[in-house]
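Trainee: Sequence:
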Amino acid sequence: MNFFRSIQSRLIGKALAQCPDPFEEGKVIVMFNFSIVMMILTVPYIVASFDQFIGHLISGIAQIILLLLVIFWLIKGYRISLAKNAFLAMFIVMHLFHFIVSNGAIFIQGILFMILLALFAFFLFGRKVGWITFITLIILVVAGIYNTSSNYALFYMPIEFADQEASSGKGQLIILLPMLMIVYLVSEFVAAQKKAQVRINRQNKDLSEKNKEINDSINYAKRIQSAILPPVKLIKQHLPNSFILYKPKDIVAGDFYWLETINDTVYFAAADCTGHGVPGAMVSVICNGSLNRTVNEFNISEPNLILDKTRDLVIQEFEKSEEVVKDGMDIALVSLTLNKKNDSGNEDNSLSHSHPHSVLKYAGAHNPLWIIRKGSNTVEEINADKQPIGKYTAPKPYSLHSTELKPGDTIYIFSDGYVDQFGGEKGKKFKAKNFKALLVSIQHESMERQRELIDQTFENWKGDLEQLDDVCVIGVRI
Numbered sequence: 129m130n131f132f133r134s135i136q137s138r139l140i141g142k143a144l145a146q147c148p149d150p151f152e153e154g155k156v157i158v159m160f161n162f163s164i165v166m167m168i169l170t171v172p173y174i175v176a177s178f179d180q181f182i183g184h185l186i187s188g189i190a191q192i193i194l195l196l197l198v199i200f201w202l203i204k205g206y207r208i209s210l211a212k213n214a215f216l217a218m219f220i221v222m223h224l225f226h227f228i229v230s231n232g233a234i235f236i237q238g239i240l241f242m243i244l245l246a247l248f249a250f251f252l253f254g255r256k257v258g259w260i261t262f263i264t265l266i267i268l269v270v271a272g273i274y275n276t277s278s279n280y281a282l283f284y285m286p287i288e289f290a291d292q293e294a295s296s297g298k299g300q301l302i303i304l305l306p307m308l309m310i311v312y313l314v315s316e317f318v319a320a321q322k323k324a325q326v327r328i329n330r331q332n333k334d335l336s337e338k339n340k341e342i343n344d345s346i347n348y349a350k351r352i353q354s355a356i357l358p359p360v361k362l363i364k365q366h367l368p369n370s371f372i373l374y375k376p377k378d379i380v381a382g383d384f385y386w387l388e389t390i391n392d393t394v395y396f397a398a399a400d401c402t403g404h405g406v407p408g409a410m411v412s413v414i415c416n417g418s419l420n421r422t423v424n425e426f427n428i429s430e431p432n433l434i435l436d437k438t439r440d441l442v443i444q445e446f447e448k449s450e451e452v453v454k455d456g457m458d459i460a461l462v463s464l465t466l467n468k469k470n471d472s473g474n475e476d477n478s479l480s481h482s483h484p485h486s487v488l489k490y491a492g493a494h495n496p497l498w499i500i501r502k503g504s505n506t507v508e509e510i511n512a513d514k515q516p517i518g519k520y521t522a523p524k525p526y527s528l529h530s531t532e533l534k535p536g537d538t539i540y541i542f543s544d545g546y547v548d549q550f551g552g553e554k555g556k557k558f559k560a561k562n563f564k565a566l567l568v569s570i571q572h573e574s575m576e577r578q579r580e581l582i583d584q585t586f587e588n589w590k591g592d593l594e595q596l597d598d599v600c601v602i603g604v605r606i
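In our numbering, the protein residues as written are 129 to 606.
Quick caveat, the hints were computed from the structure, so don't treat them as lab data. Yeah, the Cβ is synthetic: ideal placement off N, Cα and C, and Gly gets one too. Any given hint could turn out to be false.
Computed beta-carbon distance windows for the label pairs [claimed, not checked]:
{"#": "1", "residue 1": "Asn332", "residue 2": "Ala217", "range": "49 to 55 Å"}
{"#": "2", "residue 1": "Lys142", "residue 2": "Glu451", "range": "36 to 42 Å"}
{"#": "3", "residue 1": "Leu362", "residue 2": "Asn427", "range": "34 to 40 Å"}
{"#": "4", "residue 1": "Arg327", "residue 2": "Gly254", "range": "28 to 34 Å"}
{"#": "5", "residue 1": "Ser449", "residue 2": "Asn562", "range": "36 to 42 Å"}
{"#": "6", "residue 1": "Leu335", "residue 2": "Asn427", "range": "48 to 54 Å"}
{"#": "7", "residue 1": "Lys514", "residue 2": "Glu425", "range": "27 to 33 Å"}
{"#": "8", "residue 1": "Lys340", "residue 2": "Lys554", "range": "35 to 41 Å"}
{"#": "9", "residue 1": "Ser354", "residue 2": "Lys256", "range": "32 to 38 Å"}
{"#": "10", "residue 1": "Leu224", "residue 2": "Gln321", "range": "29 to 35 Å"}
{"#": "11", "residue 1": "Lys340", "residue 2": "Thr389", "range": "24 to 30 Å"}
{"#": "12", "residue 1": "Asn332", "residue 2": "Phe178", "range": "19 to 25 Å"}
{"#": "13", "residue 1": "Glu341", "residue 2": "Asn562", "range": "37 to 43 Å"}
{"#": "14", "residue 1": "Pro523", "residue 2": "Leu581", "range": "36 to 42 Å"}
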């Protein structure tokens, strides 16, 4: 058996190599084996038909031509779809010819061959062609029964034109042929199904192992990314009356928050790097590092100048690549200088830097700054420059905005992941208008409670929809 399979693989190896799954391989093997068997059976039939009705000879030659085409295309390994058509056409020619010369009379071997034809149609072409073939065969059977019972009202072929061996009953042993073919076809189908299941199980195992390796790598990358984010303890030390809502879309994120201090000034930012997931996280490492270098290595302290230098450093990093890299980030950067003359307690009754006034400076790339003054029901918006940190057609220096804040004023900076989230009853974006209304409505709440309400609103709005992007929202109350 292995010897024959070896020969078979050599002959139709090219065709098998093009098969995407075991079922297609099974189709190729069945067509090839059946074509060889039918060739062997059809040649003697042609020889015996020389002294019979010429239609037998024509039918036999047509079958041989179609079978040769099937074998040729399979050996060459191309036009497999045409090989399927030729294979089915061979069976149709055989059935139609014998149906006509027998005047529609249905013998047991004819029924078995019809079943075989329908099975081949299902096996090779799927349900649609299979059902069309089956219904057509049923129509032929009904037509044959009507023709024989109505004294050949539809058509009549003289008895001498029929296959003499079959009509005389001497060829009834031929019934074994379609039976064996049906059994073989079913066995090949079962074998292909079993082979497919084995392959699927192996692929699932491989995918599971690869997925575990990828997830392990991404989880480790998350640990690295978490290490570059300022710890909660440090944030609470310098901005005790604040919150950060950080919701990565994936395990790692393109958004990040940043904090640094110079003397009595606190610098903090909400940044949104190009993309999300692993690509966004890789960009965030470069952008975070550039911010740190700008402040610590180049000793730049003005927010707008920090963004100018950070942009230069990010572009320098990406220009090292041989390919054009247009990645970068949007950011809202704030410096907050607190007057330390009059300290007072915060909402938690712990010491905070609440003072008669504090100086806020802001610079932004696409991401704005929102201020809600104590007792106000409106949001004061300071717009960012419409240019990213990265490659840009006509870059300009970033603008610096300054304002004074009094105790009870609250500021917010954020990435666009929150306002761009789809959800609600109509599956639309949340939008800045709704976000502003939400922030105004929760001004009486503590900052930690605000974080909970903002997160809860986001989840309720999102519902069962997928999170669109990373989310980073920072709120600070003076």
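Trainee: Honestly, which of those hints from before does the structure not fit?
Mentor: 1, 3, 4, 9, 11 and 12
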